[in-house]
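Peer 1: Residues per chain are reported as follows:
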Amino acid sequence: MSDAPRALPETIDATVELLSQGDYVADRSLATVAFLSLRMGRPIFLEGEAGVGKTEIAKVLAHSLGRKLVRLQCYEGLDTASAVYEWNYARQMLEIRLAEAAGETDREKLARGIFTEEFLIRRPLLQALESHNGAAPVLLIDELDRTDEPFEAYLLEVLSDYQITIPEIGTIKAAEPPIVVITSNRTREIHDALKRRCLYHWVDYPSAERELEILARKAPGAPERLTREIVGFIQALRKMDLFKVPGVAETIDWTKALSELDVIALDPETVNNTLGVILKYQDDIAKMQGSEAARILRQVQAEAAALG
Amino acid sequence: MSPDMPPAAGAGGPERDGGSTGGGRFAENIMYFARALRAAGLPVGPGQMLDAIRAVEIAGLRRRDDFYWTLHAIFVKRRDQKELFDQAFQIFWRNPELLEKMMSLLMPVVHPDIEETPAEKKKAMRRVAEALARAQEDQPVGEKKELEVDMSLTVSDEERLQAKDFEDMTAEELERARKAIQRMRLPLADIKTRRFAPQAHGRRVDMRRSFRSTLKSGGDIVKLEHRARVRRHPPLVILCDISGSMERYSRMMLHFMHAVTNDRDRVHSFVFGTRLTNISRHLRHRDIDLALERIGDQVQDWSGGTRIGATLAEFNQYWSRRVLGQGAVVLLITDGLDRDAGEGLEKEMERLHKSCRRLIWLNPLLRYDGFKPRARGIRAILPHVDEFLPVHNLQSLGDLTAALSDLGRRRNAGAGIMAEAEAEAQT
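Protein chains in written order, with my numbering: chain B, 1 to 308; chain R, 309 to 735.
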């Protein structure tokens, strides 16, 4: 985490540059959405298959803008106690006993003393309303599709006013709204009302060229021939009828794994042995193993040779 | 994947103001563009129009693709809207001046509400006429005795209708069956969620509330408050066969799907013949006629062949992870007669079965007493269903209730039937 918060980018080009400083190779469309979101103070809503780098954007934004990253990982049954705030019951109980021992009898005073910020446990949404080093944090609401509808409705309220009401204390409002990034894997449709408040972007798999660039940054030690073949192979896989095609995260993992194994170029046997790194369903692996993988590999290598 | 965009068309391109937004003129163009999008079917509100103007002011107009993605960020809210947006953008910004003129001329005609009016009006008129006619019929004409006779007739009539096969119904009976279906309510057993709510006899202690009530007594009397898991319906996913062999039933099933969709939340409906179509959004229209009309427009493969394996594969690949989460119950409505003779069907059924909480197969063929699982499609489906029910009349739809209220265990009833049939074939 870098120290001093930096100013928001002034142009789209500056946004591309900003993301690239954080080793994020964004295409122009994504940079445009990110730029608009920063300037307009609107949340970005990112949808896309798993492993295309949705979560990464929030991390990179936080890092290169020098902001604190507050992450709210969603799951089914996420409620206000774990997303917004909770009282520290044990400490409150102790406080009461101490007050009693000291002979305190005024109930009103006791209650006032107990429901103060001191006993408040701040969960991500509440943390996101506070500035750090004089700048609003980046709030990452990850995999929103995993929560249920009631939470989505609650979020709607928080995101429109950037304030949270705690009955015992009052309303806490953000001095400066946080930068909000929401991601979804589309395991469930998110309600239109929430999307309307956000800038929407579908994050797609990268082109071969961009994927090469990503590998050059994320797995810098890998031999060039190997990365070319890997990207060619992965791009070919994405065109196939698989249950789950590999994402960018898998490409990076595979490159790192193969570099660890000191592989310089792909061969059918290595591919067969390491398919588990890129394919995560048994059906898909069974489909690819053996002749099919070899066929694609031949094709990729022939194309590479043709290019010189 | 930047879109394939033609170069800015000279003076007509958005850059004509030399990089600045140029005030009112430009805002006007964006407004026209937003209207064009709305006419094309995107849900564009006035708030988005203002957003768009602001966004373009912020992003500037130096590059055409920036301009494209800026508007894209504002107007597109779902992935499937991208295509529409893309086309509208290409057409509109090629020469906004020309289009502006066109739009001002065409606007009243293009506007979707007005476009739809004639058909809707006709329908509304027909309905009003029907309603009026019925009101006249309902008026008591004779004495009380006559009325009683009439009522008893209705009851027996109703019973007969309950047991009558959809296939044998007359048009008038079908109409009445449809009405009966619309009144149908399906109790779907509820399941525990991970969310808690206060409950007097809950099994868990609710610390937050206990503590607050303790404070009322100054901390002396500790009264434990409890909470329990909230229960709710699991999502219901309906996959309905609309091929030729199912024709009579599938139309009734659409009415059924409409009734269920409007009765509860989290119902996802698909129809399939040679391809798969998601019709959930259309079914959410309260008005059944309008809903059916929209479905009719969207679905291309009415009464054609069936490719169960291929369409299920499509469902598994593109939809199952989106609609089968949170313990969904699947209703598969098909006679299992497959054009591809069960090719690849078993594998897809297995996957479907593994991804849902419970799989119920409704099959109209089951009404025949001597039903034997002979067709290869049926044999491929059977091992992977939990419940196996006939669906050919109102009564059988009513029986669904029992099947849906029992979510406790997987029964794998289909496997049993298969085993029986095998044993019989051996002897």
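One should not assume that every hint holds.
[What the hints assert, rightly or not] Listed next, the in silico SDA-like pairs over lysine to any residue satisfying Cα-Cα at most 25 Å (straight line):
| no. | chain 1 | residue 1 | chain 2 | residue 2 |
| --- | --- | --- | --- | --- |
| 1 | R | Lys385 | R | Asn586 |
| 2 | R | Lys390 | B | Lys173 |
| 3 | R | Lys390 | B | Leu126 |
| 4 | B | Lys244 | R | Arg659 |
| 5 | B | Lys287 | R | Phe397 |
| 6 | B | Lys280 | B | Ala265 |
| 7 | B | Lys218 | B | Ser207 |
| 8 | B | Lys173 | B | Leu126 |
| 9 | R | Lys662 | B | Met40 |
| 10 | B | Lys195 | R | Arg659 |
| 11 | R | Lys500 | B | Met40 |
If you're looking for bench data, these hints aren't it; they were derived computationally from the structure.
Peer 1: Holds or violated: R:Lys390 with B:Lys173, Cα cutoff 25 Å?
Peer 2: violated, 36 Å
Peer 1: Mind checking the alpha carbons of B:Lys244 and R:Arg659 for me, to see if they're no more than 25 Å apart?
Peer 2: holds, 14 Å
Peer 1: Please work out if B:Lys195 and R:Arg659 have their alpha carbons no farther apart than 25 Å.
Peer 2: violated, 31 Å
Peer 1: Take a quick look at whether R:Lys390 and B:Leu126 sit within 25 Å of each other, Cα to Cα.
Peer 2: violated, 35 Å
Peer 1: Need the status of pair B:Lys218, B:Ser207: alpha-carbon distance at most 25 Å?
Peer 2: holds, 16 Å
Peer 1: Take a quick look at whether B:Lys287 and R:Phe397 sit within 25 Å of each other, Cα to Cα.
Peer 2: violated, 41 Å
Peer 1: Given the proposed pairing of R:Lys385 with R:Asn586, does the C-alpha separation stay at or below 25 Å?
Peer 2: Answer holds: R:Lys385 to R:Asn586 is near 18 Å, not above 25 Å.
Peer 1: For a C-alpha distance cap of 25 Å, please report whether R:Lys500 and B:Met40 respect it.
Peer 2: Since the Cα atoms of R:Lys500 and B:Met40 sit roughly 41 Å apart, the hinted pair is violated (cutoff 25 Å).
Peer 1: R:Lys662 and B:Met40 were given as a pair; does the straight-line alpha-carbon distance stay at or below 25 Å?
Peer 2: violated, 45 Å
Peer 1: Compare the distance between the alpha carbons of B:Lys173 and B:Leu126 with 25 Å, and conclude whether the hinted pair is satisfied.
Peer 2: holds, 9 Å
Peer 1: Keeping to a limit of 25 Å between CA atoms, is the pair of B:Lys280 and B:Ala265 held or broken?
Peer 2: Measuring from Cα to Cα gives roughly 23 Å; hence the hint holds.
Figure legend: structure checked against the earlier numbered hints; hints not met, in rising order: 2, 3, 5, 9, 10, 11.
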